[in-house]
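**Q** Residues per chain, in single letters:
Protein chains: 2
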Amino acid sequence: MRQRNKPWAADMFAENPQFVPTNPIERKGNWKDVFQNDHPIHLEVGTGKGQFIIGMAKQNPDVNFIGLELSSSVMVSALEKLIEEDVPNVRLLNENAQDLQSLFEENEVSRIYLNFSDPWPKNRHEKRRLTYKTFLDLYRVVMSPTGEVHFKTDNQGLFEYSLHSFSAYGMTLNQVSLDLHTSDMEDNVMTEYEEKFSSKGSRIYRCEAKFRL
Amino acid sequence: MRQRNKPWAADMFAENPQFVPTNPIERKGNWKDVFQNDHPIHLEVGTGKGQFIIGMAKQNPDVNFIGLELSSSVMVSALEKLIEEDVPNVRLLNENAQDLQSLFEENEVSRIYLNFSDPWPKNRHEKRRLTYKTFLDLYRVVMSPTGEVHFKTDNQGLFEYSLHSFSAYGMTLNQVSLDLHTSDMEDNVMTEYEEKFSSKGSRIYRCEAKFRL
Numbered sequence: 376m377r378q379r380n381k382p383w384a385a386d387m388f389a390e391n392p393q394f395v396p397t398n399p400i401e402r403k404g405n406w407k408d409v410f411q412n413d414h415p416i417h418l419e420v421g422t423g424k425g426q427f428i429i430g431m432a433k434q435n436p437d438v439n440f441i442g443l444e445l446s447s448s449v450m451v452s453a454l455e456k457l458i459e460e461d462v463p464n465v466r467l468l469n470e471n472a473q474d475l476q477s478l479f480e481e482n483e484v485s486r487i488y489l490n491f492s493d494p495w496p497k498n499r500h501e502k503r504r505l506t507y508k509t510f511l512d513l514y515r516v517v518m519s520p521t522g523e524v525h526f527k528t529d530n531q532g533l534f535e536y537s538l539h540s541f542s543a544y545g546m547t548l549n550q551v552s553l554d555l556h557t558s559d560m561e562d563n564v565m566t567e568y569e570e571k572f573s574s575k576g577s578r579i580y581r582c583e584a585k586f587r588l
Numbered sequence: 376m377r378q379r380n381k382p383w384a385a386d387m388f389a390e391n392p393q394f395v396p397t398n399p400i401e402r403k404g405n406w407k408d409v410f411q412n413d414h415p416i417h418l419e420v421g422t423g424k425g426q427f428i429i430g431m432a433k434q435n436p437d438v439n440f441i442g443l444e445l446s447s448s449v450m451v452s453a454l455e456k457l458i459e460e461d462v463p464n465v466r467l468l469n470e471n472a473q474d475l476q477s478l479f480e481e482n483e484v485s486r487i488y489l490n491f492s493d494p495w496p497k498n499r500h501e502k503r504r505l506t507y508k509t510f511l512d513l514y515r516v517v518m519s520p521t522g523e524v525h526f527k528t529d530n531q532g533l534f535e536y537s538l539h540s541f542s543a544y545g546m547t548l549n550q551v552s553l554d555l556h557t558s559d560m561e562d563n564v565m566t567e568y569e570e571k572f573s574s575k576g577s578r579i580y581r582c583e584a585k586f587r588l
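In order, the protein sequence lines correspond to chains A and B.
The opening residue of the first sequence carries number 376 in the working numbering; numbering runs sequentially from there.
The opening residue of the second sequence carries number 376 in the working numbering; numbering runs sequentially from there.
Heads up, a few of these hints could be off.
Each pair may be met inside one copy or between any two copies, as identical chains are not told apart.
Each computed DSSO-like pair below joins lysine-lysine, with the alpha-carbon atoms no more than 30 Å apart [to be verified]:
| hint | residue 1 | residue 2 |
| --- | --- | --- |
| 1 | Lys-497 | Lys-403 |
| 2 | Lys-433 | Lys-497 |
| 3 | Lys-502 | Lys-433 |
| 4 | Lys-502 | Lys-585 |
| 5 | Lys-381 | Lys-456 |
| 6 | Lys-497 | Lys-585 |
| 7 | Lys-403 | Lys-433 |
| 8 | Lys-407 | Lys-433 |
| 9 | Lys-585 | Lys-508 |
| 10 | Lys-456 | Lys-497 |
| 11 | Lys-497 | Lys-571 |
| 12 | Lys-424 | Lys-497 |
| 13 | Lys-403 | Lys-575 |
| 14 | Lys-407 | Lys-497 |
| 15 | Lys-585 | Lys-381 |
Keep in mind the hints are simulated off the structure, nothing from the lab.
Remember, predicted model here, so these are calculated numbers, not experimental data.
The task is simple: from the sequences and hints, build the whole structure.
**A** So, in structure tokens, the structure goes:
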């Protein structure tokens, strides 16, 4: 389905290399050069229309944010926002999470955000969920030993599954919230989806999962 | 506060040794003799008025159930039910969870149930929560290596905390349910408390936590 709706997406990405680095695989191990500083790198897998990553980047100027988005049509919206807001510490990559090891060196990423990932509710699609163990393997390789996965979703089934998957992998769950918007979490940056569904009264679930040293 | 409301509780326990074994500490390592069979032993810590343990015992005649209840006044109600229903595979102990190692030999227990435990919401009372790490230490010692803690509560804060505590202890979370009564769990036996609060629309949270081999 990629690029079917907005065939000009690839051209737009190519015209904005300051936000969408060309040949990202060649940046592996050298993302500091791209940002021209030593700040930690936080990665959002499935960055959608970019509201979260751009909001986080504005709130945390000392962190570099990279957003991965598989759908070029969706990523166009994130790029448009980014051009408009001109936030210096964000880059977008039109790449697949399965290729994380081609994009990042071991220990190159300090934190991974998963927001409202596709729940893939059918059992036979378990392997596609971004909290399935093969994805946790990838996260572990590219993340520093103290790295954390910060996860939020409104999907009860995906959250229940992910609590199992994180813990079965030996990860420790911290800051678990079973109703984020009635909890006292400060500085929560909402995704577009989160804004819509929490305003309808849906619970937002959140946790931080940390690899064991 | 023990025995203040029902000073005759101790007498009633003494009069029913078939359900409330005398000198339970002397049974350590020999609970099979008490039940006169080799069935696995499931322990409920905080058994309250006994509806859960008696319901479970009727549903699972091949399991031996032991209920610990600190409050003698509360345990009286459980004993009254037990006498009335005359279920052979239940014993009640008016004991403190902190004394588990005095009551059970290593590996003597196959499963531990924690139902609607006191949430002790203040941070300074964390150590009193039955899912605090010192309690997990006790459970690990008395449980067989494949033993599981089955936990349910309506208290969001206690459940959030416990997901952290179990995972930080290296336990794997299975069968997580963030809304038990709309899930497809069969054979759920409700506690008195659960019946009351779920009928009012409160969510019931549940998980099974397993020690890593």
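**Q** Please sort Lys-585 with Lys-381 into within, between, both or neither, judging by C-alpha distance up to 30 Å.
**A** neither (38 Å within a copy, 49 Å between copies)
**Q** Indicate which option fits the pair Lys-502, Lys-433 if close means a Cα-Cα distance not exceeding 30 Å: within, between, both or neither.
**A** For Lys-502 and Lys-433, the Cα distance exceeds 30 Å both inside one copy (34 Å) and across copies (39 Å).
**Q** At most 30 Å between CA atoms: does that hold for Lys-497 and Lys-585 within a copy, between copies, both, or neither?
**A** both (27 Å within a copy, 25 Å between copies)
**Q** When no copy is named, should Lys-403 and Lys-433 be tagged within, between, both, or neither for a Cα gap of at most 30 Å?
**A** within (25 Å within a copy, 61 Å between copies)
**Q** If the cut is 30 Å between Cα atoms, do Lys-407 and Lys-497 qualify within a copy, between copies, both or neither?
**A** For Lys-407 and Lys-497, neither the intra-copy (39 Å) nor the inter-copy (43 Å) Cα distance is at most 30 Å.
**Q** Could you place Lys-585 and Lys-508 in one of the four classes (within, between, both, neither) given a Cα distance threshold of 30 Å?
**A** Result: close both inside a copy and across copies, 14 Å intra and 18 Å inter.
**Q** For Lys-403 and Lys-575, with the copy left unspecified, which applies at a CA distance of at most 30 Å: within, between, both, or neither?
**A** neither (41 Å within a copy, 55 Å between copies)
**Q** Taking 30 Å as the upper bound on the Cα-Cα distance, should Lys-433 and Lys-497 be classified as within, between, both, or neither?
**A** Classified as neither: same-chain Cα gap 37 Å, cross-chain 35 Å, threshold 30 Å.
**Q** Checking an output row: Lys-456 and Lys-497, CA cutoff 30 Å. Within, between, both or neither?
**A** neither (34 Å within a copy, 43 Å between copies)
**Q** Please work out whether the CA atoms of Lys-407 and Lys-433 approach to 30 Å or closer within one copy, between two copies, in both situations, or in neither?
**A** Classified as within; 19 Å inside a copy, 64 Å across copies.
**Q** Between copies, within a copy, both or neither: which fits Lys-381 and Lys-456 at Cα up to 30 Å?
**A** Answer is within: at 16 Å inside a copy they meet the 30 Å cutoff, but 69 Å across does not.
**Q** Under a CA distance limit of 30 Å, which applies to Lys-502 and Lys-585: within one copy, between copies, both, or neither?
**A** both (21 Å within a copy, 23 Å between copies)
Violated hints, in rising order: 1, 2, 3, 10, 13, 14 and 15; the structure is consistent with all others.
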